[in-house]
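Protein chains in written order, with this note's numbering: chain H, 16 to 345; chain S, 16 to 345.
Keep in mind the hints are simulated off the structure, nothing from the lab. Since the structure is predicted, the reported quantities are computational estimates derived from the model, not experimental observations. Hints are supplied without guarantee of correctness; some may be wrong.
Repeated chains share a single entry, so a pair holds when one copy, or any two copies, can fit it.
As a list, the in silico DSSO-like pairs of lysine-lysine whose alpha-carbon atoms are at most 27 Å apart [claimed, not checked]:
| hint | residue 1 | residue 2 |
| --- | --- | --- |
| 1 | Lys-189 | Lys-331 |
| 2 | Lys-331 | Lys-88 |
| 3 | Lys-199 | Lys-189 |
| 4 | Lys-290 | Lys-199 |
| 5 | Lys-76 | Lys-133 |
| 6 | Lys-189 | Lys-133 |
| 7 | Lys-199 | Lys-331 |
| 8 | Lys-331 | Lys-133 |
| 9 | Lys-290 | Lys-189 |
| 10 | Lys-133 | Lys-199 |
| 11 | Lys-199 | Lys-88 |
| 12 | Lys-290 | Lys-88 |
2 protein chains.
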Amino acid sequence: MFAADSQRALDLIRQADRVLIITHISPDGDAIGSLLAMGHLVRQLGRPHVTLALEDGVPEKFDFLPGSADVLKATEGPFDLILIVDCSDDRRGGQVLHDNWRHGTPVINIDHHVTNTKFGTINLVRLDAAATTQIIYWLTEAWELQVDQQVAQYLLTGLVTDTLCFRAANVTPKVMADAAALMKAGADLSTITQQTVNRRSYDAIRYWGAMLDTVQLEDRVIWAVAPVSMRQHVGYRSNGDASLVTFLATAWEADMAVTFAETDAGLVEISLRAKPGLDVSAVALELGGGGHPAAAGATINGPLPEAVRRVITQVKRARHDQFEQHEEDQ
Amino acid sequence: MFAADSQRALDLIRQADRVLIITHISPDGDAIGSLLAMGHLVRQLGRPHVTLALEDGVPEKFDFLPGSADVLKATEGPFDLILIVDCSDDRRGGQVLHDNWRHGTPVINIDHHVTNTKFGTINLVRLDAAATTQIIYWLTEAWELQVDQQVAQYLLTGLVTDTLCFRAANVTPKVMADAAALMKAGADLSTITQQTVNRRSYDAIRYWGAMLDTVQLEDRVIWAVAPVSMRQHVGYRSNGDASLVTFLATAWEADMAVTFAETDAGLVEISLRAKPGLDVSAVALELGGGGHPAAAGATINGPLPEAVRRVITQVKRARHDQFEQHEEDQ
Numbered sequence: 016m017f018a019a020d021s022q023r024a025l026d027l028i029r030q031a032d033r034v035l036i037i038t039h040i041s042p043d044g045d046a047i048g049s050l051l052a053m054g055h056l057v058r059q060l061g062r063p064h065v066t067l068a069l070e071d072g073v074p075e076k077f078d079f080l081p082g083s084a085d086v087l088k089a090t091e092g093p094f095d096l097i098l099i100v101d102c103s104d105d106r107r108g109g110q111v112l113h114d115n116w117r118h119g120t121p122v123i124n125i126d127h128h129v130t131n132t133k134f135g136t137i138n139l140v141r142l143d144a145a146a147t148t149q150i151i152y153w154l155t156e157a158w159e160l161q162v163d164q165q166v167a168q169y170l171l172t173g174l175v176t177d178t179l180c181f182r183a184a185n186v187t188p189k190v191m192a193d194a195a196a197l198m199k200a201g202a203d204l205s206t207i208t209q210q211t212v213n214r215r216s217y218d219a220i221r222y223w224g225a226m227l228d229t230v231q232l233e234d235r236v237i238w239a240v241a242p243v244s245m246r247q248h249v250g251y252r253s254n255g256d257a258s259l260v261t262f263l264a265t266a267w268e269a270d271m272a273v274t275f276a277e278t279d280a281g282l283v284e285i286s287l288r289a290k291p292g293l294d295v296s297a298v299a300l301e302l303g304g305g306g307h308p309a310a311a312g313a314t315i316n317g318p319l320p321e322a323v324r325r326v327i328t329q330v331k332r333a334r335h336d337q338f339e340q341h342e343e344d345q
Numbered sequence: 016m017f018a019a020d021s022q023r024a025l026d027l028i029r030q031a032d033r034v035l036i037i038t039h040i041s042p043d044g045d046a047i048g049s050l051l052a053m054g055h056l057v058r059q060l061g062r063p064h065v066t067l068a069l070e071d072g073v074p075e076k077f078d079f080l081p082g083s084a085d086v087l088k089a090t091e092g093p094f095d096l097i098l099i100v101d102c103s104d105d106r107r108g109g110q111v112l113h114d115n116w117r118h119g120t121p122v123i124n125i126d127h128h129v130t131n132t133k134f135g136t137i138n139l140v141r142l143d144a145a146a147t148t149q150i151i152y153w154l155t156e157a158w159e160l161q162v163d164q165q166v167a168q169y170l171l172t173g174l175v176t177d178t179l180c181f182r183a184a185n186v187t188p189k190v191m192a193d194a195a196a197l198m199k200a201g202a203d204l205s206t207i208t209q210q211t212v213n214r215r216s217y218d219a220i221r222y223w224g225a226m227l228d229t230v231q232l233e234d235r236v237i238w239a240v241a242p243v244s245m246r247q248h249v250g251y252r253s254n255g256d257a258s259l260v261t262f263l264a265t266a267w268e269a270d271m272a273v274t275f276a277e278t279d280a281g282l283v284e285i286s287l288r289a290k291p292g293l294d295v296s297a298v299a300l301e302l303g304g305g306g307h308p309a310a311a312g313a314t315i316n317g318p319l320p321e322a323v324r325r326v327i328t329q330v331k332r333a334r335h336d337q338f339e340q341h342e343e344d345q
């Protein structure tokens, strides 16, 4: 199935004159790595007009990846083919997808999220991949394309960021072997980790300190809360939790971790993590978000204290129900 | 040289009747993984009397490794052979080495620290190894020993903890390929990361929050300070900085990171980290400690505020001098 679909995808790419490649809004390392890698590979396949676009642009932290400056924030078609990477549903394709997806435009959807809605004409969705870049690496083998130093760097960036540098539960021997192969092809793991998972601002570090002063643990759920005023106090300029949730999830006394970060607009960004065997993606879906069993998220309306009460109740219930289920399965 | 020495080491082991295997005091994952792996392998080589001992015992967090309960805290020889792993100098062998190292007892020293003093009869010191367990993995190849699931788990534990789960600058394609091979041999990366680098207590998380309230950044050196009272306040029961220094080192505005943790006895435990290309091991050596260029430590006398002033001055000077040197080299 994957073999046949990947061959069909290759045929579509080879026939296309104008190709648009996009990824999901609020992009992470796997989104950007996949976007840049597919751009490079589609050009390598001889396509004359290849456009990379993303409503949010490329976050500054990925400036170390060559070609990131060439990604547009908006574009006007028409395009013969849309290639969308690491994007679980068409809504997360943002304005660029909305503007360019005409009736009849074929869409190739390359992704590894369990919540993928298979919205593409061809869906190269592999749940056994630790990152979308790993699927793209497998496509280079299927399509017999050369992986040069630049593509190797893009692909390893996705593997590193989506596995939190090989810490996630989805890291198989194949992930390690693929990472070794990408390093042999010239990818620089040390630079990637320094620029992504090992890189924070001093303000983010101070923001962690302030958020950790709010940490709570109840019924094996751990959480922390960041009102807008906290970000302003420490001078942290981005939205979000600065990835604190991943740290909270290391508590051995907790099965699930949650952070609540108030945005300037008064919305509440929620990040969720679960220990292996448990699932927070259903809670995220209920809240209108998405993600993986082990890592998911959503953005909901405030006010913040009410959002915290409501979501913590839901998470505690999800944890409780999953343990009941687990007991029954025994 | 390594090939000849490893053959000599194998001959010594094969001739020994009573073998003592030890590692360094205040053991980390590489120390414990190396200790347990060598115990298993020396038994596999048919030695009838194999004793594993370590003054400090095995920290509770390594209980998930089979055989950790069989490590003694003290032992009485005589032994025909001492095998010491992951230990940069004989002082760090602690009381067990002191009690059992008689005149003429051959010592096999297996280690990867740049500060290793080559105190053994045979020194299997490889600076190109990311962990001592990686050297032991190479020895299993040289000695044509089978790596079963248990040994694979021990060896991968050392690789994971000494590379901070493949984040350190010393991670080569060979490290990734060896990790993939150990996983294929049955090592469970997910369990290892969950039990080591991804495992903290709720108290340690609250301790981080308190320490981060003291964080400072000057001249590209970042540091945090933990008096005994802070540990008592959050209920954190161990000594040390709960690995906060590794987190501080992720600040892109800093080149070196330091933590100061006061012990119950009024001593000050200092942990040091440097960005790739810089070296904190010389500072640690000056302070009577040791380590690697990127990660080192020492324990000095208090009082705490004076220790902070003195060491921060030294670290700033080291950073400054290394940048001067770097400029001259250009």
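Comparing the hints with the structure gives:
When the C-alpha separation of Lys-189 and Lys-331 is checked against a cutoff of 27 Å, the pair qualifies neither within a copy, at 34 Å, nor between copies, at 43 Å. For a Cα distance limit of 27 Å, the shortest separation of Lys-331 from Lys-88 qualifies neither inside one copy, at 40 Å, nor across copies, at 43 Å. In this assembly of identical chains, the alpha carbons of Lys-199 and Lys-189 lie at most 27 Å apart whether taken from the same copy (15 Å) or from different copies (9 Å). For a Cα distance limit of 27 Å, the shortest separation of Lys-290 from Lys-199 across copies, 23 Å, qualifies, whereas the shortest one inside one copy, 32 Å, does not.
With identical chains, the CA atoms of Lys-76 and Lys-133 are never at most 27 Å apart, being 30 Å at best within one copy and 43 Å at best between copies. For the homomeric pair Lys-189 and Lys-133, the shortest alpha-carbon distance inside one copy (25 Å) is at most 27 Å, but the shortest distance between copies (38 Å) is not. Neither within a single protomer nor between protomers do Lys-199 and Lys-331 lie at most 27 Å apart by alpha-carbon distance, with minima of 45 Å and 36 Å respectively. Taking the shortest Cα distances, Lys-331 and Lys-133 never come within 27 Å of each other, neither inside one copy (30 Å) nor across copies (55 Å).
Taking identical chains as interchangeable, the C-alpha atoms of Lys-290 and Lys-189 lie at most 27 Å apart only when both belong to the same chain, with a minimum of 22 Å there against 30 Å between chains. Taking the closest pair of Cα atoms, Lys-133 and Lys-199 never come within 27 Å of each other, the shortest separation being 34 Å inside a single copy and 32 Å across copies. Neither within a single protomer nor between protomers do Lys-199 and Lys-88 lie at most 27 Å apart by alpha-carbon distance, with minima of 33 Å and 43 Å respectively. In this assembly of identical chains, the alpha carbons of Lys-290 and Lys-88 never lie at most 27 Å apart, being 36 Å within a copy and 34 Å across copies at closest.
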